[in-house]
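*Asks:* The chain contents come next:
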Amino acid sequence: MNNVAQPMPHEPRSALRVTWDVWSAMTLREFIARTTADRMAWFWMIFEPLATIGIMIFIRTYIRSSRHISGAEFIPWLIVGLMGFYLFRACMTQPIGAIDANKGLFTYRQISPVDPVLVRCWVEGALRSFIFLLFILIAALFKVDMSAYHAVGVLMDWLSLWALGSGLGVLFSVVAGLVPEVGRIIKMISFPLLILSGVIFPVTYFPHQAQEYMLYNPILHGLESMRMNYFQYYHSIQGIDMTYLWYWALSSMTLGLMMHIHFAPRLKMR
Amino acid sequence: MIEIRNLYKRYHGPFGGNWVLKDINLTFPTNVSVGLIGRNGAGKSTLLRLIGGMDFPDKGVIDRKARVSWPIGLAGGFKGSMTGRQNVKFVARIHGVRKDIHQLIQRVQDFAEIGKSFDEPVSTYSSGMRSRLAFGLSLAFDFDVYLSDEATAVGDRAFKQKAKDAFNERVNSASLIMVSHSEGILKDLCQAGVLLEKGHAVWFDDINDAIEHYHNTSGKK
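Read top to bottom, the protein sequences are chains A and B.
Heads up, the first sequence is in my numbering, so the first residue is 1 and it goes up one at a time.
Heads up, the second sequence is in my numbering, so the first residue is 1 and it goes up one at a time.
By construction, these hints were calculated from the structure, which means they are not laboratory data.
Hints may be right or wrong, so weigh each one.
Facing chain A, from chain B, some residues (calculated, C-beta under 10 angstroms) [to be verified]:
1) 8
2) 12
3) 59
4) 61
5) 68
6) 74
7) 95
8) 96
9) 98
10) 158
11) 184
12) 185
13) 200
14) 202
15) 204
Once the Cα atoms are required to be at most 27 angstroms apart in a straight line, the calculated BS3-like pairs of lysine-lysine come out as [said to hold, decoys possible]:
16) 22(B) - 79(B)
17) 79(B) - 160(B)
18) 99(B) - 116(B)
19) 79(B) - 116(B)
20) 268(A) - 187(B)
21) 22(B) - 268(A)
22) 103(A) - 59(B)
23) 187(B) - 65(B)
24) 268(A) - 59(B)
25) 187(B) - 162(B)
26) 143(A) - 268(A)
27) 99(B) - 79(B)
28) 116(B) - 59(B)
29) 79(B) - 268(A)
30) 164(B) - 116(B)
31) 162(B) - 79(B)
32) 187(A) - 198(B)
33) 187(B) - 103(A)
34) 65(B) - 164(B)
35) 198(B) - 268(A)
36) 22(B) - 198(B)
37) 268(A) - 103(A)
Here a beta-carbon is modelled for each residue, glycine too, at the ideal position from N, C-alpha and C.
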């Protein structure tokens, strides 16, 4: 066994190289785990949003019977909002379990608690982006026109929502690591957020005074901005501002990363 | 060479905690295998984990000027839904193995001798198979210093012999820091010893002296 050439790099790796090796290895691992966890994993990833869209269309058609959104078709409007929200939600909630799920990996000192968190944000975002593209294709097959009016703008808004979700995900992964109850609360508030972000009911339907408070929610800014870029004639409420969203994204990311550095030993040991 | 300077460690419980290790100053030279001995709870495993970088000291520095392994045979890092091969690949990638990854996988496969199960999910393994895989994985890498904690080294008789042979083979090119209560193994594999007592560490150039000293102190109590 000893006369085989040494497969390990002999010189010490630079810190960047170690990080790169860890991230690339964990990304592959996470992709495999996420898509082959059970044989239905892929199916659910696509069917869950599909079912939600189906139910929403059913409700809107048969119960409320008002399918009118000013300046946009209802189904594409719903798909865009739902996909954007799912992207945000996945990036925010998935990292919370990341440290616990990868506890065994801290045997290898190369891996620090922030690695599985960042990798999950990235993998979730990549998967959601792929599903979104898939839905645009599926919609095209059903002769629903899903081509974006201002595609670059949509892409930027998509990335912004990704950044917002990841920032909060990184922050909450530390907080939930220190106080486990927080993780449960965050998963609980994700449904009210769905309503408050104007995913299902257009924000224009809410009374004006409520709208003022709803504008404190950064997700709303991202989703409405994305819809305005997506549909040429879509009108949203006044005061949609992507800078506000980026304040949230960057400050939560910064705070989260700082807390990760400070609490790394505690997160690793728990 | 591994240098430990002014190392302090305690565990933070709900009511504070006592110092497990107090002001440890040790230098592990290259190519000298060291046995850590001491009573239960003396901090042997803690020191080993600190050397392996799995845990952080409260104060002090650990300077590793060598490639140090993770504690041999620790199977915690395996993902049950992934096959043995996938898990091995993952660990290899973390350690920066790129071109020679197939060679490394072959070495693990040869050592573990678990046959076709190598390509089945780890969750289907028995605990013995798991530890074979874990052990093979640790030994497939060419570390300068291997860490071994008795508690994690298990396996049937034939496998134990194989593991011991592999160790003996490595002793020329690498060294070992091990925690064990079995004095036979310590005398076989180690040259120097560290006795841990009440949070302090004493270095002995000869493992036999360390064991003798340990007998004297633990006998009196």
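*Asks:* Verify the interface restraint on residue 61(B): the C-beta must sit less than 10 angstroms from at least one C-beta of chain A.
*Replies:* Not OK, violated: residue 61(B) not within 10 angstroms of chain A, min 14 angstroms.
*Asks:* Against chain A, run the beta carbon of residue 68(B) and see if the smallest gap drops under 10 angstroms.
*Replies:* holds, 8 angstroms
*Asks:* Keeping to a limit of 27 angstroms between CA atoms, is the pair of residue 99(B) and residue 79(B) held or broken?
*Replies:* Measuring from Cα to Cα gives roughly 24 angstroms; hence the hint holds.
*Asks:* Taking the least C-beta to C-beta distance, is residue 96(B) closer than 10 angstroms to chain A?
*Replies:* holds, 5 angstroms
*Asks:* Closer than 10 angstroms between Cβ atoms is the bar; does residue 8(B) clear it against chain A? Give me holds or violated.
*Replies:* violated, 13 angstroms
*Asks:* Does the nearest C-beta of chain A fall within a distance shorter than 10 angstroms of the C-beta of residue 12(B)?
*Replies:* holds, 8 angstroms
*Asks:* Need the status of pair residue 198(B), residue 268(A): alpha-carbon distance at most 27 angstroms?
*Replies:* This hinted pair holds, its Cα atoms lying about 26 angstroms apart.
*Asks:* Between residue 79(B) and residue 268(A), does the CA-CA distance stay at or below 27 angstroms?
*Replies:* Distance of about 18 angstroms is within 27 angstroms: holds.
*Asks:* With chain A as the partner, please determine if residue 202(B) meets the hint condition of a C-beta pair closer than 10 angstroms.
*Replies:* Cβ of residue 202(B) sits 27 angstroms from chain A, so the hint is violated.
*Asks:* Does residue 74(B) pass the interface hint, meaning its C-beta sits closer than 10 angstroms to a C-beta of chain A?
*Replies:* holds, 5 angstroms
*Asks:* For a C-alpha distance cap of 27 angstroms, please report whether residue 268(A) and residue 103(A) respect it.
*Replies:* holds, 7 angstroms
*Asks:* Does residue 268(A) lie within 27 angstroms of residue 22(B) when you go C-alpha to C-alpha?
*Replies:* holds, 22 angstroms
Comparing the model with each earlier hint shows violations of hints 1, 3, 4, 10, 11, 12, 13, 14, 15, 16, 20, 26, 28, 32, 33; every other hint is respected.
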